Every structure is written in structure tokens, then in C-alpha cells.
Amino acid sequence: MSDRQPTTDRGRIRIVGFDEATEQKRDSDASSDAADADGAAADQSIASRAATGIESTTASTSALAQPGRRLENAWRRFRRNRSAMAGLAVLIVMTVLAVFARPITVATAEVTVTLQPFSLAPSDPAAMFVGPPNASPSPAHPFGTDWAGRDQFSRVLVGGRYTLSIGLVAVGLALCVGVPLGAIAGYFGGWIDEAIMRVVDVLYAFPFLVLAIAIVPILEPVPILGSGYWTVVVALAVTGWVGYARLIRGEVLSVREREYVTAARALGVPDRTIIRRHVVPNAIAPVVVQATLNIGTVVLTAAALGFLGLGLEPGSAEWGAMLAQGRSSLLRGDWHVTVFPGLAIFLFVLAINLVGDGINDALEPNRDVDDDRRRMR
Amino acid sequence: MSLGRYVGRRLAVTVPVLFGVTALTFSFVHLLPGDAVDAIVGFRAVSPATEAATRAEYHLDQPVWDQYLLWLRDAITLEFGESPVTGRDVSATIGRRLPATLALGGAAWLLALAIGIPAGIVAAVRAGEPADEVGRLAALAGIATPNFWLGLILLFVFSVRLGWFRVLPPDAPLVSLATAKFLVLPTITLGTASAALVMRLLRSSMRRELDATYVTAARAKGLPERTVILKHVLRNAVLPVVTVAGLQLAFLVDGAVVVEGIFSWPGMGRLLVQSVLQRDYPVIQAIVLVIGIAIVLANLLVDIVYAILDPRIRY
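For the protein sequence lines, the chains are A and B, in the order given.
Residues 0 to 376 (numbering that gives the first Met the number 0) make up the first sequence, in order.
Residues 0 to 314 (numbering that gives the first Met the number 0) make up the second sequence, in order.
Please keep in mind that the hints were generated in silico from the structure rather than gathered at the bench.
These numbers were taken from a predicted model, which means no experiment stands behind them.
The beta-carbon is built from N, C-alpha and C at its ideal position, and this holds for glycine as well.
Don't take each hint at face value.
Claimed, not checked - Restraint ranges, calculated between C-beta atoms of paired labels, are given here:
#	chain 1	residue 1	chain 2	residue 2	range
1	B	R278	A	S135	19 to 29 Å
2	B	V166	A	S164	28 to 38 Å
3	B	R95	A	P313	25 to 35 Å
4	B	I303	A	E256	55 to 65 Å
5	B	G3	A	G171	25 to 35 Å
6	B	R8	A	A194	32 to 42 Å
7	B	S26	A	P313	46 to 56 Å
8	A	G189	B	D170	52 to 62 Å
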């Protein structure tokens, strides 16, 4: 925005003082710059075209250049945030450990393709009696072994695959449903809004975990959902989308009143394009923040489902499911079976929360994460 | 807008939601794969006579719309029939379990307020100072700790190792010293995450209020900082925290589902998990309905109380 070409090509009427004023305002108010970059670009491109007399076809050609800049600025702010970077480092380490824990192979009838040959985990997470059952941590088994003599260290490493992928996929699916529905409700208003938001209200009457628990028996017999992994993912996505719908609807309600939306509408841009190009990009930042934070909530809920013995097959190396045996083993005095998987969940969710807060501070420093969390309800 | 009209409008929004909640709960049995009778009797092989009797009892021989209305009539009079798994009356079972959950949830809620409100005040007043940073990290840790994990660790340290608390709930009435003592650990487990939530919400709403001009005015007229914070700022800042009672209730219910299992507490949450594992659909249906309606009504109540306390929002 600030490195725009000099205004010599504007035609005969020279507008003096306008650019300096704009630039000063922009420098002093970085956050509104970030929020409105796309919109303001659209506004100005319309204005300059109108001034030079060029026929305007679309309102957003110059707007496309902006998001990159905006992300670059956000990344610079994010990098300066020490706790967020620490969280990011933890996430990266955990992801690498999970991916390289055991080799990943894709097997068809004839060929077996190895996608990832490394193996950080010393033994197969499902292999029983690689050591004595309920052994305490030792050099051979750093996290000890569980009741079936399975190596806890390997299971915790491989278990990260379930947790990380369930979190990402469930939140991704929920966003794919919630963002379009919420944006449509907010943009069009009227009976569309009423209909969508009443559905949201109804789903909101049920707590996250309770709804997921109730959905599991409905989803479980569906054949394509397979071994329970997709049951958990779909249950969490079905319960999760309502929050994003509500949050983005609130944002869209204010964005749709902006001049650039009115201008785009006046130019005859189809509603679909307005929503995709102008409304959603300017309303998405708080949703990105909440989605990041929600990966933590989803991971906790998935682990709770595993702990309760719902969804994934019993005995899966999922962190929550590993704790399902925790109560009986604790009562026997075997603390290590419980401590390590729980610690892994704790670290992951803590890191996600640090990163989420960091993203919020980077994208919209003046916005309050907790305020948005409240508004999702 | 007068209070009466506001309440009327708020009720008008609630009624369709209540219908939606009942309709969704009703359709639960019908969304299950296979015939609804199979679901209700728990997928056992039954004689044609029993099947016909079940069909008639649950009005499954009528159009779906009539089924819903008849089910709704039964639900309003709290008649959910008998559990096909245990053979006990569903309403009676829930009625027996409900007080235990209310006691645990209420205690956890009080603990959350007792920790969250003072911590939130300190964090807001000392924003940016070390105390605020410590509070922020503590709140994050509270949110990130899986409650089942915290419960297991507390159970291990204080009940198994130190022997301060019983492992199983005592065979005592709900209002008794032994029960109260047993409830200490489950309450801490359940209240921790809620306390973190209360703290963060109060901190953010107090930070907003602290910038208001009336705070400057109160300071300018020489009021002690303590009075400004506790009498002026807190009173305004606590309202937005109260409005999330629905969120808090949902949060506590979710927690109770897990925590009750760990501490063998005979509440609704444990009943729900048992019912899902045993595929006891009428019980699941009744519990989900009770929870849904409780949360809708809690939200309604909070909005009305809020409107009485703060007339500005009756726009």
C-alpha cells in the first residue's frame, strides 16, 4: 500500500495532501491496515480507475497482491513472540517424532511402496511382550511397558499420529462446513440466516463431548468409516462446525456494511465472488485463531473418547486410549503407564494454545482471543 | 424496550430451539442403522409378540410426525419407559443419578469462581507484569491438562500413595461429611479447567473496563485504587463472565462425563458412558434430552438476569 506508484497518472486534477494523510494514518494504525488491506485495496483501485476513466471490470485485481504482504507482516510479528515460537517448536518436534516413529508404507496387492523408511521407535507399538509387563522405565524401555508388555515409548511416539491427524482433519472438516454456512448466513441475512442459525442454536444446546459420544453409535456401523478413526473424526467435525459458523457470521455482519462490498455490489460482481473474494478474507482472521486453539480442544475430546473406550478400537496406540487402562494400573501402583501419554497430550495442547495466542497477536493485535471464544457460544 | 417485551422476545427464540432439541433427540433412535425396534431392544433377537408390543409402546407403527408428538408428550411427563438393558425405569434411574452430578458440578463451579475471579482480577490489574505472565501460563496449563489425566494423577498421589481420600465413594448419603470429603478430588479435577476459563474471561473483560472513562473519573475524585477495582470495575466486568454460564455448564457436563468415571461417582455422566457402551438407547436419549434442555434453559435464564441487571442490553 505505502509503496504505491506516484500519482502522476491520475489525470489533470491533482489531489494534494491525500496520500500523505493516508500513509500517516496507516503507519499509526497497523492493525486496521492488516484487517482492511484487501478491502482498502479494492476501494482504491475502484477510485483510481474511476478517476482515470477506465472501465472497471472487476474490483479486486490489485487486491490479490495483498494477502502475501499481510502474511509476511504477521509472520514477522509472530517470530518476535517468544512463547509462540516455543509452542511452534514443540509442535514441529512432536510432528517429526510422530511421522518418523515407524516406517510408513502403502501396500497394494502386488507392490509395497515405502513412503518413509525411518524408524525412531524401537519396537512395533502393537507388539506384545517385547518386555516384561508393567515394567518401570529403564534404559531398554524409557517409558516402561504396559500390562501387555508393549513398549510405552514406541506407543507414545506412534500415538502422536492419531492425535495430530485427528486434530487437523476434524478441525479442517469443521471449517469446510462452518465457514461457508456462517458466511452465507451473515451475508444474505433474512430467512437463510434464521434457518442456519437456528440449526446452530440447537446443536449448541449439547456439550461437545456429550454430542460426540451420542453420535459415535450412529456412525460406528457406517461401513466406509472403517476402524473407528473416521468415526471419531466425523463425530468431532459434526459437533465442531457450529462455533466457526457463529463466529464468522458475526464478523461478516460488520464486513458486509463496508464500502468496498457496497462498491463491488454496485459494479455487479456476483454475490458468490463478493463472499469469496472480499467478505471471507476480511472476516477470517479470528476464525483462523479460534480454529488453531480448537485443535487443542478437539485433541482433548478425542483423547477423552479414547479414554472412555469409544470410537477407536480398544488397544489402539492413541494417547487417550492408552490411559484407559490407567486407573487399574495406577491402583496397582504403576504410575508410568499413565504419566507419559497424559504428558504428551498436555504438551501438545499447551503448545497449540501458545501458537494460537501468538497467531492472534500477529494477525490482530487488538483483538481478544477470549472475547471471540465467548462469542462462539 | 420493557423488560416484559424483552423476555417475551427471548422466549419466542427459545421455543423453536427447544423443539429442535427435542426433535434431534427424538430422531437419534431413528438415525441408528437398522430398525428402531432393534435399537430399542438392544439388537437382541426377540419374539414377534415382543416386537409388536415394543412397536406399539414406542408408537413405531404410526407416521413419524405422530411418533414425534407422542414421544414429546411422554417426554414432557417424564415417561421414558424402561431400559431394555437393565429393565429399570429410565426416569427413576436418571432421578437417582441427577443429585450426585448436581452436587459435583455445583462444587466444581464454586471452586472455579473462587479461583478464577481473584486470579482474573490480579492478572488484569497487573497486566504485562510477571504476575500476569504467571497467571497466563497457569491458565493455559489448566486448559491444556486433560481432566482424566489430572484425575488419575490426583487419585494416585492422594488416595493410593498418601491415603488421604477414599478410592471409592463412601456408602453415605449425599449430604454428609464422608461424601463431602470424598468429593474434594473430583471437584478439583473438574474445577481446574473452568477456573482457567473464568480467569481468562474476567481478565479480558476487566482490561476493557479499565480503559473506560468512569475509571479515570473514579480515580480522579481520589477513591482508593482498591475501591475503584472492586466496586466499580469488577461490577461491570463480571457481567460478561456471567453470560457464559451456558458455556460453563456445557464445559462442566463434558468434564463430569469423564471425571465421574475416574472416581466411580454415581452421576449422570457415568450413566451416559455406561449406556453408550451397553447400547442402552432409551437411557442415552433421555440423558441427552435432559442435558440439552438444561443448557437451553440456563442460557435463557442468564439472558433474562442479565437484562434485569443491565437495562442497556434490552435494545
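Quick rundown of the hints versus the structure:
no.	hint	result
1	R278/B - S135/A: 19 to 29 Å	violated, 38 Å
2	V166/B - S164/A: 28 to 38 Å	holds, 36 Å
3	R95/B - P313/A: 25 to 35 Å	holds, 29 Å
4	I303/B - E256/A: 55 to 65 Å	violated, 30 Å
5	G3/B - G171/A: 25 to 35 Å	violated, 46 Å
6	R8/B - A194/A: 32 to 42 Å	violated, 19 Å
7	S26/B - P313/A: 46 to 56 Å	violated, 29 Å
8	G189/A - D170/B: 52 to 62 Å	holds, 59 Å
When held up to the earlier numbered hints, the structure conflicts with 1, 4, 5, 6, 7 and fits the remainder.
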